[in-house]
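Based on the hints, put chains S and U in the right spot on chain L.
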Amino acid sequence: MSAPISLSLHPDRLFPVDASTRDVARRLYESVKDLPIISPHSHVPPQWIADDVAFSDPTSLLITPDHYVTRMMHANGVRLDDLGVGRNDMTADDSRAAFRLLCEHWGDYAGTPVRYWLENELVDIFGVTVRPSPETADQIYDAIQAWVGDGANTARKLMERFDIAVLATTDDPCDNLEHHAALRDDATFTRRVVPTFRPDKYLEPARADWNQLVDDISRASGEAVDDLPGFLNALANRREYFKAHGAFSSDHSHFDLDTTRLDEAEANRIYLAARRGAASADEATALRRHLVWHQVRMATEDGLVLTLHPAVVRNHHTPTFEKYGADVGADIPVSVEVSRALRPALESFGTHPNLNLVIFTLDETVFSREIAPLAGFYPSVFAGVPWWFLDAPDAIKRFRRAVTETAGFTRTSGFIDDTRAFCSIPARHDMSRRLDACHLADLVVEHRLAEDEAAQIITSLVVDQPRKVFKL
Amino acid sequence: MSAPISLSLHPDRLFPVDASTRDVARRLYESVKDLPIISPHSHVPPQWIADDVAFSDPTSLLITPDHYVTRMMHANGVRLDDLGVGRNDMTADDSRAAFRLLCEHWGDYAGTPVRYWLENELVDIFGVTVRPSPETADQIYDAIQAWVGDGANTARKLMERFDIAVLATTDDPCDNLEHHAALRDDATFTRRVVPTFRPDKYLEPARADWNQLVDDISRASGEAVDDLPGFLNALANRREYFKAHGAFSSDHSHFDLDTTRLDEAEANRIYLAARRGAASADEATALRRHLVWHQVRMATEDGLVLTLHPAVVRNHHTPTFEKYGADVGADIPVSVEVSRALRPALESFGTHPNLNLVIFTLDETVFSREIAPLAGFYPSVFAGVPWWFLDAPDAIKRFRRAVTETAGFTRTSGFIDDTRAFCSIPARHDMSRRLDACHLADLVVEHRLAEDEAAQIITSLVVDQPRKVFKL
Amino acid sequence: MSAPISLSLHPDRLFPVDASTRDVARRLYESVKDLPIISPHSHVPPQWIADDVAFSDPTSLLITPDHYVTRMMHANGVRLDDLGVGRNDMTADDSRAAFRLLCEHWGDYAGTPVRYWLENELVDIFGVTVRPSPETADQIYDAIQAWVGDGANTARKLMERFDIAVLATTDDPCDNLEHHAALRDDATFTRRVVPTFRPDKYLEPARADWNQLVDDISRASGEAVDDLPGFLNALANRREYFKAHGAFSSDHSHFDLDTTRLDEAEANRIYLAARRGAASADEATALRRHLVWHQVRMATEDGLVLTLHPAVVRNHHTPTFEKYGADVGADIPVSVEVSRALRPALESFGTHPNLNLVIFTLDETVFSREIAPLAGFYPSVFAGVPWWFLDAPDAIKRFRRAVTETAGFTRTSGFIDDTRAFCSIPARHDMSRRLDACHLADLVVEHRLAEDEAAQIITSLVVDQPRKVFKL
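Chains as they are written, first to last, in the numbering used here: chain L, 309 to 780; chain S, 309 to 780; chain U, 309 to 780.
Only chain L is shown next, with the shape it has when bound in the complex:
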């Protein structure tokens, strides 16, 4: 058996190889690398922070809950069970075996951001110095297990260590937000952890459980939902509740972005039919689009920022969904249309001073064609930075190249990590800062931007844009 191959992080990773460009990128990155993290949209469970949890083992920390990690092994022949997905019965041996699978499949991740983030975490957080492989799997597992067992590494201590200033979670409209309340009321906790209003399923009358959901929100809000105005009041009430718990945004992920408003009487008719289970599929879709229009309308009233994450086939493989549930890596993007879909809402509210609306996409074609042109005209519209599969070095570079020429930098959202992998947050934000430094350095050496301006812009992307766009 040969000596293990070492693992380290190159200080110039992701930077351009050309020396003069790299020097500019280094300086730009250096000026922002230690700024606090603002994470206006994530999927970290608030209970982790509220209860200051300690993590139990490497696999449940790094593998099982992270569908970016599990999907790639699944594609390469690993059963999701063996990674702990959908299970509550993982023994210490199971956990070690799952971690070994990751190390055996390390090569499958070559060239992916998952690999990049994991390497960052292994070295920077866990102090690992050898490349994952079948030979080093146990040694690495033991190192992380020791770290996990160290009382210095609880959720709140990591928030401090990662210097996360703001963290927004994603929450059900009926959630009582007790963890957020506890954090808000805890004088010893000075970081900001706030909820995000995510009403998707309540806006989908086609769902089998929709009537139940409407009843739930009626109960949670204390509003009667006998007709559509009542239901809209219930939603508005819960938005206010979220605001009172610190929320600054609502999040929306439907299959399309359509915001066509119905005549209110017609909308109420469909609502009542849907409550009786008698709405057609087309009517249910029409009502959903009408409800999304109303979410935009409510945003002009309560000021919550809308983030839009459309156009994904959720649970593409039904047998996998039935066995393992949602969020296991089987969500597959489709193309999206923005210009016509958002037009009804923008006709109504596009220049409203209270409205901020951030459009994310997994369909790169709309970056230059639709999102940047919209963000370059409407004061309410911002181009969301690359999301999910596109939160990756080359895709981020394509985004900046596609959007900047039409919308500049001031019409983009600032970085969003959108992750449930808590330990990846610093690596993700660091990657974003490095890549923005690359893009700006390119503009500088091509004499398209002065370096003093580039320096101002990179700080703005890390600090000012998220604060402005999300009204922090």
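There may be inaccurate statements among the hints.
Intra- or inter-copy, both count: the list cannot distinguish identical chains.
Claimed, not checked - Straight-line Cα separation of at most 20 angstroms, DMTMM-like style, residue types lysine to aspartate or glutamate; simulated pairs:
no.: 1; residue 1: Lys779; residue 2: Asp450
no.: 2; residue 1: Lys341; residue 2: Glu754
no.: 3; residue 1: Lys776; residue 2: Glu412
no.: 4; residue 1: Lys341; residue 2: Glu609
no.: 5; residue 1: Lys631; residue 2: Glu655
no.: 6; residue 1: Lys465; residue 2: Asp494
no.: 7; residue 1: Lys705; residue 2: Glu645
no.: 8; residue 1: Lys551; residue 2: Asp494
Because the hints were derived from the structure by calculation, they are not lab data.
Just chains S and U now, with coordinates in the frame of chain L:
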């Protein structure tokens, strides 16, 4: 207050940073940078040239009429009124205040081609040497105002100075083209300024004013329009009138590219129904597509080159349209389909020796997928260079990378500025020449093209392709 | 007349110009450049190999059958007749004249992969040392004619010289595969030449000749086709026949990728109606999609790998088709949808251990949006490398950049030449190896991948991935 930051143009701007590639790019650029400008498609008012106008002030010259400039400030919170849009009552103070807004928002343009062109104009045309900012706004305004007031800077003198050999304007089919006639008949004026036949609205039976437009063209042409053949004759007549005034092309910007031909009897039936206001929306669309097919047919007869600029939602924000009118930066692109849409016309005329058809797009996805494959087969089809939002350094590079491999250089149109910002024309053409030099230099240093061939190609792109494609 | 310009191949062609990146690319390329060629999908006629044919002349070898070559001249004004397309009566003079046309139009190919491959062939295979031009046309023609006449250059000898280990042809389901049988039974021939099952037209009930085709396959298989189960048996029978002759894959190129399964009784009803010529256009399409679902089902049983090449308008210009037939360069791509289209088949068989399915596309938008996400989840799905118009240096780089971050390297197909231009095969595979070296070198110098891993990956792309994906 600190000293103002200086503004200058780097001779290597836009060139690649790698020394050997830059050297090739420099040589290629050097060989074409002083060639005359051929502008086969612009929006400059012909009256400016005919009357040899002097411009009145910096704001009405550089800001108010240029929606590239105004839209970005609008997105960043400036009212269009404050930029003079839709107003005829701007005082000198208003104009100065508007220019100050531009200087305050200078940072919002970072990374955009608008910034690039304006910097070129400020330095090269107006002799400005300080970066725009609140502190320098007045100083710059005064400098440009002085330049504007100098009798050396009238429209015709700028045509000379910019060395614009050919300038095509865009004109209504009923226009009497008096300015073009005046220019044609003026022996002292040796540059070529010609009209372009732009019949869009006459081909849209769905428009509320269509019947009026048909009557107008009947009057202008002297043709009876009692039936569709008469209307087609009227259009053909006006095309001839334009040709007689020097036109070499017609321009078409409908929502889609469809050229499906109807049975002529059925088309006539719809025409008559539309004249009675009794055509359905679908019938109106079908008739429009049939009329576009006939424009292609007429092109094979009179030889006018068709330029196609499809797939834009015009006046996306109705309240803005109602207050300020069209062309204020609120036009938003959508996706476009080319292969099937153009097929009917190409089945009929795709190999006709008299037909040249140039396809422009704001949807980059069709560059490699549809336009280049079509241009690489049909002798009549040319790939139009990047248009509007895509007339930008990175987008132009993507265009060349996407199109060249399938269609080479001889199937592309040569540069089109498509601008109403007269003073930006030299900067735009210069930018295009620099970027073509970059693309060719890349091919040379990657040993995909010999430098002597690259030199021949860049001259061809500036001179031969526009002459060939537009039959100059 | 000036001296002819020399033609040679730079050893660093296609490599990045940056010295440190180029060094890595060189090392990676060096490690794979002499590995045998695996060509799992081509259009070489098997009879050439079986009969060990000698080629007759430069034009019929390099121009007439290669629509990549002819389409570009056609676009630039050359009649296809003059290139021998659709003719059997080309004299030696005609052939020489056609070759002269290629040399005259040499400049039109600048920047295209066709030019790149032809240069490789001219220098490496035919020993030409001057650039094609009107002046050098005859000299080059004579050199290639001499080479063609040399007994050392027959099809089998070229297979040896090109070191083609595996070559899959594309064949009609009713073909008796006599040439493949002859090759299989010839002990002196040690290379592997196998058929590919290409049933497209048999699955298109809308075709005018479909009933005849169904009868043909009934005859070839000995299965009654009185109902749909019989027809499916006939297809399964022919797949087995192909397998027995060495086939490892089936190839499918329909207008869309839809795999919606019908109720079997309903499918049978449509089948019977189609056999009577009484199926509607929609029914015919629905039945085709159902039949494609069954091809996937059969693949899980017999193990043939499916390659999917969708979304092309075949014979876009009917007059050209009527005069010259198919495959003359007039096929034009359209956009494609993958996520929803393949879902029915993937719901049924996506995790089946026997299924491998490779998706090719001419629509680059689905690389990052749909294909990579699917290949990064389903163990059966692989991203096919760039095909046809996209088998070109810049497009290949875009492919790797778009796919790797989501699917890594192990979910891609390995290189496919898909060509009927036999002599271009080595140049195409060499180009692919160079470009993969470039991509990997970029990752190495950006510190995203260690060089030892990159070296392992490039070997895997050339050898292991094709063997794994195509089950060789």
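Hints, one by one, checked against the model:
1. Lys779 <-> Asp450: For Lys779 and Asp450, neither the intra-copy (43 angstroms) nor the inter-copy (38 angstroms) Cα distance is at most 20 angstroms.
2. Lys341 <-> Glu754: This pair counts as between: shortest inter-copy Cα distance 18 angstroms, intra-copy 24 angstroms.
3. Lys776 <-> Glu412: between (44 angstroms within a copy, 18 angstroms between copies)
4. Lys341 <-> Glu609: Classified as neither; 37 angstroms inside a copy, 55 angstroms across copies.
5. Lys631 <-> Glu655: Answer is between; shortest inter-copy Cα gap is 13 angstroms, intra-copy 44 angstroms.
6. Lys465 <-> Asp494: within (15 angstroms within a copy, 73 angstroms between copies)
7. Lys705 <-> Glu645: neither (22 angstroms within a copy, 25 angstroms between copies)
8. Lys551 <-> Asp494: within (18 angstroms within a copy, 70 angstroms between copies)
Hints 1, 4 and 7, counting from the list given before, are not met by this structure.
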